[in-house]
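Assemble chain B onto chain A, guided by the hints.
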Amino acid sequence: MTSVTEVSVSESVISTPAEKKRSSDSPTVLAIRKNLRLILRVSASLILIAATTFVLYRVVPVNPTTAGFLFLVVILFIATKGGLVESTIASVVAMLCFNFFFLPSIGTLTIADPQNWVALFAFLATSLTASQLSVRAKRRALEAEDRRGEVERLYALSRALLLIDTSRPIANQIVQQIALTCGFPGVALYIKANGELHRSGLKADVDLKLRESAVRSEMLKDSTTNLVVTPIRLGGGPIGSLAFNGGAFSDAALQSLLNLVAIALERANSQKAVTQAEVARQSEELKSTLLDAIAHEFKTPLTSIKAVTTDLLSGTPTPLEPHHHELITIADESTDRLSKLVTDAIQLARIEGGTFRLNLGVHLPGSLVRAALRQMKSVLEERRIEVQAPDDLPPVRVDGGLIQVVLTNLIDNALKYSPPESPITIGARLNEGRVIMYLRDQGQGISFEEQAQIFEKFYRGKSERQLQGSGMGLAIAREILRAHGEDISLNSTPGEGSEFSFELPIAREVGPQ
Amino acid sequence: MSSGKVLVIDDDPQIRRVMRSTLTAHGYQVNDARSGEEGLQELRNSSYDLVLLDMNMPGIGGMEACRLIRSGSDAAIIMLTVNNTERQKVDALDAGADDYITKPFSTPELLARIRASLRRLPQLPTHSDLQPLAEQGVNIDLASREVTVHGRTSRLTAREFGLLSYFLARPNKTIAHRELLQAVWGPDYGDELEYLRVFVNRLRKKIEPDSSKPVFLVTDAWAGYRFHLPQ
Chain A
1 MTSVTEVSVS ESVISTPAEK KRSSDSPTVL AIRKNLRLIL RVSASLILIA ATTFVLYRVV
61 PVNPTTAGFL FLVVILFIAT KGGLVESTIA SVVAMLCFNF FFLPSIGTLT IADPQNWVAL
121 FAFLATSLTA SQLSVRAKRR ALEAEDRRGE VERLYALSRA LLLIDTSRPI ANQIVQQIAL
181 TCGFPGVALY IKANGELHRS GLKADVDLKL RESAVRSEML KDSTTNLVVT PIRLGGGPIG
241 SLAFNGGAFS DAALQSLLNL VAIALERANS QKAVTQAEVA RQSEELKSTL LDAIAHEFKT
301 PLTSIKAVTT DLLSGTPTPL EPHHHELITI ADESTDRLSK LVTDAIQLAR IEGGTFRLNL
361 GVHLPGSLVR AALRQMKSVL EERRIEVQAP DDLPPVRVDG GLIQVVLTNL IDNALKYSPP
421 ESPITIGARL NEGRVIMYLR DQGQGISFEE QAQIFEKFYR GKSERQLQGS GMGLAIAREI
481 LRAHGEDISL NSTPGEGSEF SFELPIAREV GPQ
Chain B
514 MSSGKVLVID DDPQIRRVMR STLTAHGYQV NDARSGEEGL QELRNSSYDL VLLDMNMPGI
574 GGMEACRLIR SGSDAAIIML TVNNTERQKV DALDAGADDY ITKPFSTPEL LARIRASLRR
634 LPQLPTHSDL QPLAEQGVNI DLASREVTVH GRTSRLTARE FGLLSYFLAR PNKTIAHREL
694 LQAVWGPDYG DELEYLRVFV NRLRKKIEPD SSKPVFLVTD AWAGYRFHLP Q
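Those protein sequences? They're chains A and B, same order as listed.
Take the first sequence: its position 438, counting from 1, is numbered 438 in my numbering, and each next residue is one higher.
Numbering-wise, my numbering comes out as the position in the second sequence, counting from 1, plus 513.
Just so you know, these hints were derived from the structure itself, not from any lab.
Where is the CB? At the ideal position from N, CA and C, for every residue including glycine.
Keep in mind that a hint or two might mislead.
Only part of the chain B face toward chain A is listed, based on derived beta-carbon distances under 7 Å [claimed, not checked]:
id : residue
1  : ASP525
2  : ILE528
3  : VAL531
4  : THR537
5  : ASN569
6  : VAL595
7  : THR598
8  : ARG600
9  : GLN601
10 : LYS616
11 : PRO617
12 : ASP704
So that you can see chain A by itself, here it is in the shape it has in the complex (with noise of 0.2 Å):
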């Protein structure tokens, strides 16, 4: 998503009075006036070294001596008021006026005494020397200054950065806060991730440099127009790129600047994360307890009817007629076919929605096995089943009741498609360190190319159409198996028979309690 805007933000909001000057004319007048301004201070500190001059000879007459250090005291004056360039210019037109007024032969540039000479240059020594300590001081308190200002603005500009609001876009806040707090007047601000570019006064030719810096991660300037591109780093790589002019930001203001930049954008993208996560939360939530309302909602009647169809087939207290016996048999089978199948679409809607989370524990395969088959007892009938399961068999960890999902959807498969009077084998063994599990029946076989398709949501053998079944068994327990990050695998002969297996972790850790 690229989305460039561009804002005016107006200068009575963001300006000061003292950047008003800085930064609303170009380049040229400013060196123009900045000359005029200098003349103007040269002049007057000329004007200041002839008035006292003036004083010190006709007004109140003082000798050489006096009139020395009350010239010392007017240059010091000018330095701290003025510059390097006017408080020099006054210290030597100071000695020549000293030369000229106070020291003997007055009147004349020459000097009769030549001690005076040495007071002379001692005048002009001082009076240098005051000025530059003086103009130097001055600086230093303004660079302090500037620093003040700096970090005042930067500790704005945190506190703004804090209280953006993470759901919008936050270029652009970004950016208005900067050209609020710290006076720019072009800001733009370019984020690599999202390819969000925010501009405030500047033109759409910055863009362009955003983008190179954001991935060359380096910095631009141009001193003509006076701008300034610096790629934003975290971490090292570069994730997005600032865009700025007409700032006087010292180079570690600016470093500082960069990396409340940089961790805004951060904390955008974590909460954003949070976010996220929070909506799918919520959202699997919704989902798991809709399931369970449906489950719950389905089951009920079909619970009444089991109730009444089981407990008329079970014969007490009367017995029924053979014939309402079978009309019975009909309606309870269809019960529990109906169950199944509200069960299996359940499961595979959990299973797919992703709404359902591996309850680990640790199990005996022997008891998955025994536990499974208790649960198909019904079912099973006069059919004759062998257990291979040893008990000395290392415990796995799997998810218990999922595991008997699988083993039982596994011996609902072979009962429907093998015949009745074949025997199925369930089983464990141990292999290299892994409990294998198998299932193997006497049927048809699959052939080759239907090995392929029985894994498949509602696939149901083609030779057996008639039978009843959701088509959902095989694909759940496939799932199943994955989700505990193991497959299943099927070897199959047509006309032999077929054997499902799956592999089981072994627990590392003390059985149950």
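Chain B only, in chain A's frame:
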């Protein structure tokens, strides 16, 4: 003739009708309630031998109702659940149920479970059986089934008492899971390890000085449980 007094708590009217008709025909005295709250009220008014309690009900719900019934009544509780996940079964047993049955169920299976739940204890422990426990500071009152350990008194349910009696008659001997299930629950049981896990834990909470470090009821991994008594 009456085999026992049963209270059916289920919000579905059809299920209440079927249960009333079926159980009455099999010799039980049956009453029903439409919600957990109504059931609790009924249990305060008269005593029942067994409660059939639906898990999914509006209002306080089956699980909470089970806890409340257990705290004030000795009646056996069988929970009716739609969901047959192991976690839900364990939750039901933890809430104090004696057994559960998954909907839809067959009437003969339900009757078998009711009979198992109402079964008289196979054998009651004698005072001499209880003597070694009393020496260890665990006092059990045979009539009220009250246990006192270090001044803490709790009451054993009939099934918990049955399990403890079976252990007490066979001290210091590993008893297999299957044997325990068949002796205490009935011959139809044998693979329901979760029953044992929950009931042994319930028993430990009542008789062990520190249930997280059991000294009497110890686990023999994969084999069964053993009641350890110093001889």
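For each hint, the structure was consulted:
no., hint, in the structure
1, ASP525, "holds, 5 Å"
2, ILE528, "holds, 5 Å"
3, VAL531, "holds, 5 Å"
4, THR537, "violated, 11 Å"
5, ASN569, "holds, 5 Å"
6, VAL595, "holds, 5 Å"
7, THR598, "holds, 6 Å"
8, ARG600, "holds, 5 Å"
9, GLN601, "violated, 10 Å"
10, LYS616, "holds, 4 Å"
11, PRO617, "holds, 4 Å"
12, ASP704, "holds, 5 Å"
In this structure, the earlier hints numbered 4 and 9 are contradicted, and the remaining ones agree with it.
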